[in-house]
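Student: Listed below, chain by chain, are the residues.
There are 4 protein chains.
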Amino acid sequence: MIVVMKPNATETEIQNVIRKAESLGARTHPIYGQHRTVVALVGDLTRISRETFNAMDGVKETVRIQEPYKLTSRSTRPDDTIIELPGSDVRIGGNEVIVMAGPCSVESREQILETAHAVKEAGAKVLRGGAFKPRTSPYSFQGLGLKGLEYLAEAREQTGLPIITEVMTVEAVPMVAEYADILQIGARNMQNYGLLQAVGKVKRPVMLKRGISGTIEELLMCAEYIVSSGNNNVLLCERGIRTYETATRNTFDLNAVPVLKQATHLPVVADPSHGTGYRELVPAMARAAVAAGADALIIEVHPDPDNAMSDGRQSLDLNEFARLMDQLRRVAVAIDRTLG
Amino acid sequence: MIVVMKPNATETEIQNVIRKAESLGARTHPIYGQHRTVVALVGDLTRISRETFNAMDGVKETVRIQEPYKLTSRSTRPDDTIIELPGSDVRIGGNEVIVMAGPCSVESREQILETAHAVKEAGAKVLRGGAFKPRTSPYSFQGLGLKGLEYLAEAREQTGLPIITEVMTVEAVPMVAEYADILQIGARNMQNYGLLQAVGKVKRPVMLKRGISGTIEELLMCAEYIVSSGNNNVLLCERGIRTYETATRNTFDLNAVPVLKQATHLPVVADPSHGTGYRELVPAMARAAVAAGADALIIEVHPDPDNAMSDGRQSLDLNEFARLMDQLRRVAVAIDRTLG
Amino acid sequence: MIVVMKPNATETEIQNVIRKAESLGARTHPIYGQHRTVVALVGDLTRISRETFNAMDGVKETVRIQEPYKLTSRSTRPDDTIIELPGSDVRIGGNEVIVMAGPCSVESREQILETAHAVKEAGAKVLRGGAFKPRTSPYSFQGLGLKGLEYLAEAREQTGLPIITEVMTVEAVPMVAEYADILQIGARNMQNYGLLQAVGKVKRPVMLKRGISGTIEELLMCAEYIVSSGNNNVLLCERGIRTYETATRNTFDLNAVPVLKQATHLPVVADPSHGTGYRELVPAMARAAVAAGADALIIEVHPDPDNAMSDGRQSLDLNEFARLMDQLRRVAVAIDRTLG
Amino acid sequence: MIVVMKPNATETEIQNVIRKAESLGARTHPIYGQHRTVVALVGDLTRISRETFNAMDGVKETVRIQEPYKLTSRSTRPDDTIIELPGSDVRIGGNEVIVMAGPCSVESREQILETAHAVKEAGAKVLRGGAFKPRTSPYSFQGLGLKGLEYLAEAREQTGLPIITEVMTVEAVPMVAEYADILQIGARNMQNYGLLQAVGKVKRPVMLKRGISGTIEELLMCAEYIVSSGNNNVLLCERGIRTYETATRNTFDLNAVPVLKQATHLPVVADPSHGTGYRELVPAMARAAVAAGADALIIEVHPDPDNAMSDGRQSLDLNEFARLMDQLRRVAVAIDRTLG
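Protein chains in written order, with numbering that gives the first Met the number 0: chain A, 0 to 339; chain B, 0 to 339; chain C, 0 to 339; chain D, 0 to 339.
It is worth saying that the hints were derived from the structure and are not from the lab. Where is the CB? At the ideal position from N, CA and C, for every residue including glycine. Possibly wrong hints are sitting among the right ones.
Unchecked claim - Residues from chain A that keep clear of chain B, each with C-beta distances beyond 12 angstroms, as calculated:
#, residue
1, V41
2, M55
3, T80
4, D88
5, E95
6, A117
7, A121
8, E149
9, G213
10, A321
Unchecked claim - Distance windows between CB atoms, simulated:
#, chain 1, residue 1, chain 2, residue 2, range
11, A, E83, B, K59, 43 to 49 angstroms
12, C, P173, A, D78, 55 to 61 angstroms
13, B, K5, C, D79, 17 to 23 angstroms
14, D, T75, B, R90, 58 to 64 angstroms
15, C, T245, D, Q14, 27 to 33 angstroms
From just these sequences and the hints, can you work out the full model?
Tutor: Following this line, the structure appears as structure tokens:
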């Protein structure tokens, strides 16, 4: 860490910073420049926060040199984490690109069963479907709840596809964990730290979605909450961020894929459906996500998007999905991976 | 609502939209333009979602004409909501501008008592202090918890100042509601709908902070969750949004104050401490917030900001706060309000 | 266009809007809803601006139904524009994906000649290089100017590669047009309307880069300036936008590629070098750009990036570029296109 | 400057950085930490660019410690710059808050004369009006040009008010400088470096508007272009930035006022009209701008906003402006300044 002093900082203020840093166990290197002094801190800084110095008299700012996450960092663990889903042969983070597909919401037993069979046929390896839905308006459809989980379980039984579904509250974690093969933490809950710690204590892989205004570093800090609570099986999902551009529903930040692959050993998932918000943009950005190196994709598919209860605008129908899978397979092969 | 058809939409597709809209109880007015057709929907559209039409074949987009919030809208209730804090004479939303002040975190009994007496002396009417802290890093100080609530209660007893403190989880709502006069929902939880519904069921005013990427409309929709759960006493707080600018910690969006005063009858609070993130910017932006029409301000004050356990960089010390109060009083008078 | 009246608009205000619209040649359809009235305008609205109505008493807002660009719109011209570069067999916008490559700045005769031969060998079809450089600091290297153009011309002579280079001022247009095969308008000048009109009058294709805060619609409006001045040969280039994320230098908005391919008939270029700002992210995002459907890529290549006078951080060296071209070729084939 | 090496940087790479830095005249302090090495550079770094190091092998990033602007920095010149307008007693940057007012565009002789007399009567000290208008659409009204300048000059003659008007191209600088008392550089041209250098060479004060995606630091770097070209009389104007929020046309970033007052000695102007985009928000934000410490305000006023040819939505009429001036006067007095 570098503590940058103000141009007019007094020698006493500089000494105060040095004393404070050393009292916290750091070694210090003050460097007197032409206009400014900086104090470099070295040693084990794990428990030293930048705020400690930011607030001191004479300090202009602090600059962090090391990344603030540890367990999720690739420098801590160079080898890729591979997540296996028990009861299936699905492995996420290896050479095979995994496609997870299904509707935004589980709407009925028929809907989820029909979708499950179709996406499996097309090559998907995991079934997605929401039973609890976070909705912007209190007046919108909020999901089938437990009934939805039961339908998902039946779909798994019929198809063999593991299921991924969202959990929104600490209280619901045990129930959802009983049904789901992967627990999803939605974008709105990326920084719901209580929830992160709760899913950190269960024996299920967790897919953590990036918040719409979350930085990549914050996403990794949130993953750190889960891993430091005891659960190493975390998938990170890029699903679009909020920018000034309105041509897309969100700005799908595909750059996050190669950035994350360098920063962390955890598998990276891309969600072009939420990322773009428009069905007609999904195929191009799904192909791009494979080409950029995503380990998995999660794609919204609905047997009748026109009548979907949520997110129909961004859902592919069953035929569109099957055609897309053929394209994705070819792109995967072009970068020496497999898919579907 | 206006449903905009694609340029090449077929007559069948247009008729499907009309049929669907009428089946949902709307009256329809198709308008055939030179290049495009639009279908205007009128009537009670409360239960009709834009998604219903967005996903249909031949539809380009839908345009909402009416705002999606109701109970919080000034068109529903033209008169200002005034929130009274029982056991005190504090009224928020009236002519007097209320200042809430105190430390980011309750750190010790001495710290909160010293601060409480000093901010009361300077004219603050409510004491703030965090007992449960949401922190970006799992390795940072997370607050004193219940002990912090007890210290706050003691400070209230000694000074008569009502207290505002954050509640982060559904489970903690009963406990925090027992101690706090106003429950604060933090920015990271703006869209934690379960939590919003929980605080909607208690008999305490709630201050809802805008998320760092929340739009003003979303803030109102979240307030709608609370009000529609039964709690009319909601304060809305602007505390800075995330933009590309890094000279300030957040971009304090003061424009939200006049926008909200027009859109809603609920009182509006400004938080220049989190809004800017730097102690030296707080006085200018606090004065500006009063001039812009905020009903209340919430300001971080600490007896020793250099050694604060959190947010010291943005905290005023006790003398700086007293001086600021003098300035704010004069600005309030200049716009025919009172303060402190 | 839809003119949305305020909830309390008077009948006189509504009639004023209708009268004004009809005086401008539009037909009007007032629709009286439960809470609000809207007035739909149809007919030829080309010369009617939304501002005309936005400012009128009783008007809440106007909503545009049709896109504001015409000549660049795919609905005006459904077939792809293909841009041919005279004196070469390069065609941009067809089935072959064209790669343009070269250094950020022309630094010396040796540097540009060495690069030109190497990128040609690797399969690039156009040589890039800046002779005039817009620099954030007045104290930075500003390019070789005319000398740089002469070196580029010599490189073209030796290799047969057409050249693309930036023009920054109206006065420089004739000189740059004499040397360049494609004129580049940089991101900072996207809305420099005088410059757009000037390049609209020369007989050279123009590559228009999206500004770092330009919307896709604004990019098309700026292209409209060029095309309406008489130059149909415009390429649109995505090169990263400014968002809150700092892990990448800009947020390369690859979504713009499929959005633009739908909205316009003009060819679309992707610039992963400026888009990401980091050399190690360029290969992944270049592959993704091909997979997403870009018609061309523009990539920074330098024989010695460590000693580049500008943008070395985002430049590939000659070997890295050659390896990347092999990867891009395979991805292009996977989507039934050719490359290099 | 701090050069941060990658965790796995070799000793040779570290030595290369040191050698390079010393060859450029810097002294170096390598600091070997637990996981990483950093090299601190001190001495006169004016001519050393971060790019030089960013591109080198083994370097992760560089961190700038000193601000990159010099002549505009308050550390270079602690005292406020006060700009006097010859032929008047107007001084900008002193204790009096100056209000500049007038229409977006000069539309006719009558319009500008009527406005000039009215705003003078209300207390404005400078008349604004655009003769050359940058417009998003090539099909919109582009200003009266020279005729507009002549009308402005006549208004000055009648009222004694100095005038401020925009110059958009290098070629137009001499003509506009002949008429205007202050040259305005618009937001779209903030980084038009050729234009900045051109107005840097004339003997007229220049008001530089912040680009809609310009950082405060970039604004100061652009002012540096003007000052380093020989013109010290630069005013900096905050006029709203582009964010995700759409309730306002732009996000008026009032925080820029106190940030700039600390960073630079140049006077700071606030433009609440463009900043917010809505007439009904202008009074609140104009009051806030005075309270935040702006040295001047620029406000759009039109005798008949409903029929303005541009920006009527954000223009006050003559009575609204007079009422606002009364409010602003009171707020100025409350912070010990004068106005109007």
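Student: Against this structure, judge whether each hint is valid.
Tutor: Structure-based check of all given hints:
1. No beta-carbon of chain B is positioned within 12 angstroms of the beta-carbon of V41 (chain A); the least distance is around 19 angstroms.
2. Consistency note on M55 (chain A): stated as away from chain B, yet its beta-carbon is not over 12 angstroms from all of that chain's, at 5 angstroms minimum.
3. Separation of T80 (chain A) from chain B is adequate, the least Cβ-Cβ distance of about 19 angstroms exceeding the 12 angstroms criterion.
4. Every Cβ of chain B is farther than 12 angstroms from the Cβ of D88 (chain A); the closest lies at roughly 33 angstroms, confirming the non-interface assignment.
5. Listed as a non-interface residue, E95 (chain A) keeps its Cβ farther than 12 angstroms from every Cβ of chain B; the least gap is roughly 32 angstroms.
6. No Cβ of chain B approaches the Cβ of A117 (chain A) within 12 angstroms, the least distance being about 18 angstroms, so the stated non-interface status holds.
7. The claim that A121 (chain A) is not at the interface with chain B holds, since no C-beta of that chain comes within 12 angstroms of its own (minimum 21 angstroms).
8. With a least beta-carbon separation of about 21 angstroms from chain B, E149 (chain A) lies farther than 12 angstroms from that chain, consistent with its non-interface assignment.
9. At the 12 angstroms boundary, the C-beta of G213 (chain A) falls inside the reach of chain B, the nearest C-beta of that chain being 9 angstroms off.
10. Here A321 (chain A) stays apart from chain B, with its beta-carbon at least about 19 angstroms from theirs, past the 12 angstroms limit.
11. In this structure the hint that E83 (chain A) and K59 (chain B) lie 43 to 49 angstroms apart at CB holds, the actual value being about 44 angstroms.
12. Checked against the given bound of 55 to 61 angstroms, the beta carbons of P173 (chain C) and D78 (chain A), roughly 59 angstroms apart, stay inside it.
13. Between K5 (chain B) and D79 (chain C) the CB atoms are about 20 angstroms apart, so this pair conforms to the stated range of 17 to 23 angstroms.
14. At roughly 50 angstroms, the beta carbons of T75 (chain D) and R90 (chain B) sit outside the given window of 58 to 64 angstroms.
15. For the pair T245 (chain C) and Q14 (chain D), the beta carbons lie near 29 angstroms from each other, so the given range of 27 to 33 angstroms is met.
Of the numbered hints listed earlier, those contradicted by the structure are 2, 9 and 14.
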